[in-house]
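*Asks:* Chain order of the listed sequences is A and B. According to numbering that gives the first Met the number 0, the first sequence is numbered sequentially starting from 0. According to numbering that gives the first Met the number 0, the second sequence is numbered sequentially starting from 0.
Be aware that one or more of the hints could be misleading.
Here are the in silico distance ranges between beta carbons for each label pair [said to hold, decoys possible]:
| id | chain 1 | residue 1 | chain 2 | residue 2 | range |
| --- | --- | --- | --- | --- | --- |
| 1 | A | Arg92 | B | Asp88 | 24 to 32 Å |
| 2 | B | Thr104 | A | Ala65 | 16 to 24 Å |
| 3 | A | Pro57 | B | Leu6 | 49 to 57 Å |
In silico contact screen, one side only, chain A against chain B (beta carbon under 8 Å); selected entries [what the hints assert, rightly or not]:
| id | residue |
| --- | --- |
| 4 | Met0 |
| 5 | Leu4 |
| 6 | Trp9 |
| 7 | Leu10 |
| 8 | Ala33 |
| 9 | Arg35 |
| 10 | Leu36 |
| 11 | Leu37 |
| 12 | Pro57 |
| 13 | Ala58 |
| 14 | Leu85 |
| 15 | Ile88 |
Straight-line C-alpha distance at most 16 Å; calculated EDC-like pairs for lysine to aspartate or glutamate [stated by the list, open to error]:
| id | chain 1 | residue 1 | chain 2 | residue 2 |
| --- | --- | --- | --- | --- |
| 16 | B | Lys142 | B | Asp88 |
| 17 | B | Lys132 | B | Glu103 |
| 18 | B | Lys107 | B | Asp126 |
| 19 | B | Lys142 | A | Glu56 |
| 20 | B | Lys91 | A | Glu73 |
| 21 | B | Lys91 | A | Asp47 |
| 22 | B | Lys42 | B | Asp120 |
| 23 | B | Lys91 | A | Asp32 |
| 24 | B | Lys142 | A | Glu1 |
| 25 | B | Lys42 | B | Glu72 |
| 26 | B | Lys116 | B | Asp25 |
| 27 | B | Lys38 | B | Glu72 |
| 28 | B | Lys30 | B | Glu73 |
| 29 | B | Lys114 | B | Glu96 |
| 30 | B | Lys142 | B | Asp25 |
Don't read these hints as lab results, they were simulated from the structure. Ideal placement from N, C-alpha and C gives every residue a C-beta, glycine not left out.
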Amino acid sequence: MEPTLREGDWLVAVAPWRRPRAGDLVVLRDPRDARRLLVKRVRAVRADGACEVAGDEPARSTDSRAFGPVPPGEVVAWVAFRYAPLGRIGRVR
Amino acid sequence: MFSIRSLLAPRLTVHAHCDIPCGIYDPNAAKVASDTVAKMVEKIDAAAQGAWQRGPDAMTHQNNLVRSIAVKEEHAQICKRELLILWTDYFKPEHLEKYPQLHETFWKAAKLCSKNKQSVDAQAAADLQAAVKEISDIFWATKQAA
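Work out the full structure: start from the sequences and follow the hints.
*Replies:* Right, here's the structure in full:
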């Protein structure tokens, strides 16, 4: 997810209060392993509500191109804020 | 005792990457394997000279010959496996757009691995080394761009 996120960033994510939209940075359950959480950007929302997600660096991301669209119920949170490292504190979009 | 850090640290970890961290791919494994194949072709040629001579060293020559052939076979297979990992796991559609010859290059390189198993051919070994070099150059160019 570089350059938006870097390994080791500490993030605040909030529970979803609306349907996902294209451009949202979301936390979702990994469709290949429900115990894992992924962070990806919603690239498109299909008519049936499923989200196509992608990394911000497509050449180095495993995403909907590999595991297909994600049902809306699998999106469990929105990434809102980064509180560490100090130099990169702030709103994340 | 809780440190401030452990109090503030996130409770959950989210992943942006696949099962294994990206960036561990390296065409050097294929290069070493293709270099080994080329070296074994040289050694097979040398050992074959002595293998048919009678005398106290005949068994040693035969042993060297068979070992060199076995190692050539093994490393041609390693080379093919390493190339397939790069081809199917590392390279993505974005790379193909920029390097439209990518599939053809990999296909030919994989074929050359087989050819090097079937034959003792210095030219085929050199061709394989060149093909791996070409793939390696593309790999590192995509890394520069990333």
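*Asks:* Taking the hints in turn, state whether each one holds.
*Replies:* The hints, checked one at a time:
1. Our hint of 24 to 32 Å for Arg92(A) and Asp88(B) holds, since their Cβ atoms are close to 31 Å apart.
2. Taking 16 to 24 Å as the suggested C-beta distance range, the pair Thr104(B) and Ala65(A) conforms, at roughly 23 Å.
3. For the hinted restraint 49 to 57 Å between Pro57(A) and Leu6(B), the CB-CB distance of approximately 37 Å leaves it violated.
4. The criterion of a C-beta within 8 Å of any C-beta in chain B is met by Met0(A), whose closest approach is roughly 4 Å, and the hint holds.
5. Hint status for Leu4(A): holds, given a least beta-carbon distance of 6 Å to chain B, under 8 Å.
6. Given the 8 Å rule on beta carbons, the hint for Trp9(A) holds: about 5 Å separates it from the nearest Cβ of chain B.
7. Below 8 Å, beta-carbon pairs count as interface contacts, and Leu10(A) has one with chain B at about 7 Å; its hint therefore holds.
8. A hinted interface residue such as Ala33(A) counts as satisfied when its beta carbon comes closer than 8 Å to some beta carbon of chain B; here the least separation is about 13 Å, so the hint is violated.
9. With a least beta-carbon distance of about 6 Å to chain B, the hint placing Arg35(A) at the interface is held under the 8 Å criterion.
10. Of the supplied interface hints, the one on Leu36(A) holds, with its beta-carbon coming within about 4 Å of a beta-carbon of chain B, less than 8 Å.
11. The interface hint given for Leu37(A) is met, as the beta carbon of that residue sits about 5 Å from the closest beta carbon of chain B, less than 8 Å.
12. Here the hint on Pro57(A) is kept, as its CB sits about 6 Å from the closest CB of chain B, short of 8 Å.
13. Look at Ala58(A): its Cβ gets to within about 5 Å of chain B, closer than 8 Å, so that hint holds up.
14. Checking Leu85(A) against chain B by beta carbon gives a least distance of about 12 Å; that is not within 8 Å, so the hint is violated.
15. Using the Cβ-Cβ criterion of 8 Å, the hint placing Ile88(A) at the interface with chain B is not satisfied: the shortest such distance is roughly 12 Å.
16. Taking the CA atoms of Lys142(B) and Asp88(B), the gap is near 15 Å; set against the 16 Å cutoff, the hint holds.
17. Between Lys132(B) and Glu103(B), the direct Cα distance comes to roughly 15 Å. Compliance with the 16 Å bound is thereby established for this hinted pair.
18. Only pairs whose Cα atoms come within 16 Å are accepted, and Lys107(B) paired with Asp126(B) is accepted, the gap being roughly 10 Å.
19. For the suggested pair Lys142(B) and Glu56(A), the alpha carbons sit about 12 Å apart, so the restraint of at most 16 Å is met.
20. Proposed proximity of Lys91(B) and Glu73(A) is contradicted: the alpha carbons are some 25 Å apart, above 16 Å.
21. Among the hinted pairs, Lys91(B) with Asp47(A) is inconsistent with the structure: their alpha-carbon atoms are about 27 Å apart, more than 16 Å.
22. Only pairs whose Cα atoms come within 16 Å are accepted, and Lys42(B) paired with Asp120(B) is accepted, the gap being roughly 12 Å.
23. As the CA atoms of Lys91(B) and Asp32(A) are separated by approximately 22 Å, the hinted pair breaks the 16 Å bound.
24. Proposed proximity of Lys142(B) and Glu1(A) is supported: the alpha carbons are some 14 Å apart, at most 16 Å.
25. Of the pairs offered as hints, the one joining Lys42(B) and Glu72(B) holds, with about 13 Å between alpha carbons and a cut-off of 16 Å not exceeded.
26. Distance hint between Lys116(B) and Asp25(B) is unfulfilled; the C-alpha atoms sit about 23 Å from each other, more than 16 Å.
27. Proposed proximity of Lys38(B) and Glu72(B) is supported: the alpha carbons are some 12 Å apart, at most 16 Å.
28. Restraint check: the Cα-Cα separation between Lys30(B) and Glu73(B) comes to about 14 Å, which is no more than 16 Å; the hinted pair holds.
29. Between the alpha carbons of Lys114(B) and Glu96(B) the distance comes to roughly 29 Å, so the proposed pair goes past 16 Å and is violated.
30. Proximity of Lys142(B) to Asp25(B) is assessed by CA-CA distance (about 11 Å); at most 16 Å being required, the pair is judged to hold.
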